[in-house]
Amino acid sequence: MLKIDNLTKNYGSFPALKGLNLEIPDGALHGFVGPNGAGKTTTMRILATLMKPTSGTAYVDGTDVVKDGQKARKLVGYMPDFFGVYDSLKCWEYLDFYARCYRIGAEERKTMTRRLLELVQLEEKEDEYVDALSRGMKQRLCLARSLIHDPKLLILDEPASGMDPRARAEMKGILRTLREMGKTVLISSHILPELAEMCDSLTILDHGELVFSGSVEALNDKMNGNAPLDIRLTEGCGEENVEAAVRCLKEMPAVTEILREEPYLLRIRLENGADVCTDVLRQLVMKGVPVSDFHRAPMNLEKVFMEVTQGA
Amino acid sequence: MLNPIMAFSATRRMRSFKTMLIVIAYVAALLLLALAFLGSFIPDAVYLNTMTRGPMCYLALLIAQFTLIILIAPAMTSASIAGERERQTLDLLLVTNTGSFRIAIGKVMESFAVLALLIVCGLPVMSLCLLTGGVSLVQILIGELFLLAEAFACVSIGVFCSSVARSTVLSGVLSYLVIILVGVITALPFLFGYPQKITDVVYDRSLYAALTPGEARIMISPLLYMNPGFGLLSLVQGELHVLTSYTEYMGWGRILCTWRMADRAGWVFIALASAVGMLVIAAILIGLASLMIRKGHKTKSNG
Chain E
1 MLKIDNLTKN YGSFPALKGL NLEIPDGALH GFVGPNGAGK TTTMRILATL MKPTSGTAYV
61 DGTDVVKDGQ KARKLVGYMP DFFGVYDSLK CWEYLDFYAR CYRIGAEERK TMTRRLLELV
121 QLEEKEDEYV DALSRGMKQR LCLARSLIHD PKLLILDEPA SGMDPRARAE MKGILRTLRE
181 MGKTVLISSH ILPELAEMCD SLTILDHGEL VFSGSVEALN DKMNGNAPLD IRLTEGCGEE
241 NVEAAVRCLK EMPAVTEILR EEPYLLRIRL ENGADVCTDV LRQLVMKGVP VSDFHRAPMN
301 LEKVFMEVTQ GA
Chain F
313 MLNPIMAFSA TRRMRSFKTM LIVIAYVAAL LLLALAFLGS FIPDAVYLNT MTRGPMCYLA
373 LLIAQFTLII LIAPAMTSAS IAGERERQTL DLLLVTNTGS FRIAIGKVME SFAVLALLIV
433 CGLPVMSLCL LTGGVSLVQI LIGELFLLAE AFACVSIGVF CSSVARSTVL SGVLSYLVII
493 LVGVITALPF LFGYPQKITD VVYDRSLYAA LTPGEARIMI SPLLYMNPGF GLLSLVQGEL
553 HVLTSYTEYM GWGRILCTWR MADRAGWVFI ALASAVGMLV IAAILIGLAS LMIRKGHKTK
613 SNG
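Residue numbers (this note's numbering), protein chains in the order written: chain E, 1 to 312; chain F, 313 to 615.
It is worth saying that the hints were derived from the structure and are not from the lab.
Just so you know, these numbers come straight off a predicted model, no measurement behind them.
Cβ coordinates follow ideal geometry from the N, Cα and C atoms, glycine included.
Misleading hints may appear alongside valid ones.
Computed list of chain F residues with no C-beta within reach of chain E, every gap over 10 Å [unchecked claim]: (1) 319; (2) 320; (3) 334; (4) 335; (5) 368; (6) 406; (7) 407; (8) 411; (9) 443; (10) 545.
Keeping only pairs whose Cα atoms sit at most 25 Å apart, straight-line, the calculated DMTMM-like set for lysine to aspartate or glutamate is [stated by the list, open to error]: (11) 330(F) <-> 128(E); (12) 18(E) <-> 61(E); (13) 330(F) <-> 61(E); (14) 330(F) <-> 87(E); (15) 52(E) <-> 398(F).
Going by beta-carbon spacing under 7 Å, a handful of chain E positions derived as facing chain F [said to hold, decoys possible]: (16) 48; (17) 54; (18) 69; (19) 73; (20) 75; (21) 78; (22) 83; (23) 84; (24) 100; (25) 102; (26) 103; (27) 129; (28) 237; (29) 294.
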């Protein structure tokens, strides 16, 4: 459905995107994660035809968004991170206006407006003024607006930002419904756990570069391989045993960092990709270090995000 | 299908109490002016004979409306695009299938519709001039057409400036400056140099007598046809004999030459040509505005 091909964007001399390549299949709910300034919004604005890339291009259902913006706009629904609403306009009029902008006929407009208000659970607010809605409701109304022309690809830039937990849960529910409807959804956030809960696959961007792209499971596997090792010595075994363990670990070239987290707990980091856990344990035992527990430190998604984006 | 921007903005504007107040204030101001000139509201306030009251009232109403439009149009259009940008709704419009040109023309038509409403509402007041004689219905209708063209040009300037400016305030200021600039630039032939040929013709009685309206129309600078002030003067020239005498007295040769040339070219023609000239300016500015809506929208994203 979406193919991003070597997409680059520079703001003056500042590179916001550095040759991004990405493919998202039909019907996927794909998360786009990265810290502020990673290039998420820039990528999404290019896909929504609001911005031209410096080089490279992207295809939505085979349509080049750079060369054929008019056609691409029919295929893409876009919800920006910040948006305003018009005052003196009722909810149904708001949707009707955008439907007119997409040149949708009167009958279809009426049907679509009703259907979308139901989808975003705002059917009771049909005749209420837009500026009287809560933030969460406005977000949902904007989501309905982005669906008014029945796009194949939906681009949602931080749709849940600033929402309370209930509104977030409602938004997640709507996104699940959209997936069931067969829409391809590209959704951004800087909160990885939030996206991991609902997305099939993820892309992590940092400083305009792709750091990871794949399934949530693949990300977990990859990060667990790089997780630090926790070595707990027998409680009260004495300082000399701890020092012996540290000496032993320092002699191993694969060990890059040794931290004493607690009096009898050492946390070590290994070289990227080094599969030497068994060796580490064997060496410690051979040196007579009383090891009582030996395991990888648990990595939650927040930590994964910090690791991947080098913010730790 | 009706331009959605226009239809939607008109709905919002017409719902606003402010619009109704503007229409009432506009018509009330014109009515007061008309009554003052026609002598029924302030008896004996103007010491002119009865026959000149109608034409003078027409002159005053036309100048008043001309000025009001110049003052109102930028204020009305300053937020048309810049306001969308400030409100963060422009992105939502640009991702639809409504092209930039359609957005620009929709914004122009939306503001023009309100100004046209004001001008049409002022028509019954203008018609009061017919009561005393000295002004024809055709004159009034040409005056209305001219004002409509002026309103269209002014809102086009406003929308263009709004598409360029980052804020509504800046857009308003820029609009007034551009209107003044258009007025000054197109009036340059009045002030600086006419070909020797024109002065030769005007000051030679036989040559001037043989001059056909067609020849005179060609000799007048095309730039001058785009000057709204020139168009306005041509509409009220019948009431401006004092001006002719004054320029003659002061020795302002260029103005006098233009005046005489315009007299030969035909005042109605000048007024209509000026209206067309303003529409040409409007068309150019709408085209530029539609380019600027997208090009001027290079906001740096935060993610």
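_Given as non-interface: residue 411(F), partner chain E, CB spacing beyond 10 Å_ = Given a closest Cβ separation of 7 Å, the condition is violated.
*In terms of Cβ atoms, is chain E entirely out of 10 Å range of residue 407(F)?*
violated (5 Å)
*Are residue 330(F) and residue 61(E) close enough, with their CA atoms no more than 25 Å apart?*
violated (47 Å)
*Verify the proposed pairing of residue 52(E) with residue 398(F), using a straight-line Cα cut of 25 Å.*
Satisfied, since the Cα-Cα distance of roughly 21 Å is no more than 25 Å.
*Does residue 129(E) meet its interface restraint, that is, does its C-beta lie within less than 7 Å of any C-beta in chain F?*
violated (10 Å)
_residue 237(E) as an interface hint toward chain F, with CB separation required under 7 Å_ = violated (50 Å)
*Does the CB of residue 102(E) sit less than 7 Å away from some CB of chain F?*
holds (5 Å)
*Taking 10 Å as the cut and beta carbons as the points, is residue 335(F) off the interface with chain E?*
holds (17 Å)
*Grab the minimum C-beta distance from residue 100(E) to chain F and call the hint holds if it beats 7 Å, violated otherwise.*
Check passed: Cβ of residue 100(E) comes within 4 Å of chain F, closer than 7 Å.
_Does the closest beta carbon of chain F sit nearer than 7 Å to the beta carbon of residue 54(E)?_
violated (12 Å)
*Verify that the Cβ of residue 334(F) lies farther than 10 Å from every Cβ atom of chain E, and report whether the claim holds or is violated.*
holds (16 Å)
_Restraint: residue 84(E) near chain F, CB-CB cut 7 Å. Satisfied or not?_
holds (4 Å)
Hint check: violations occur at hints 1, 2, 6, 7, 8, 13, 17, 18, 20, 27, 28 and 29; the rest are consistent with the structure.
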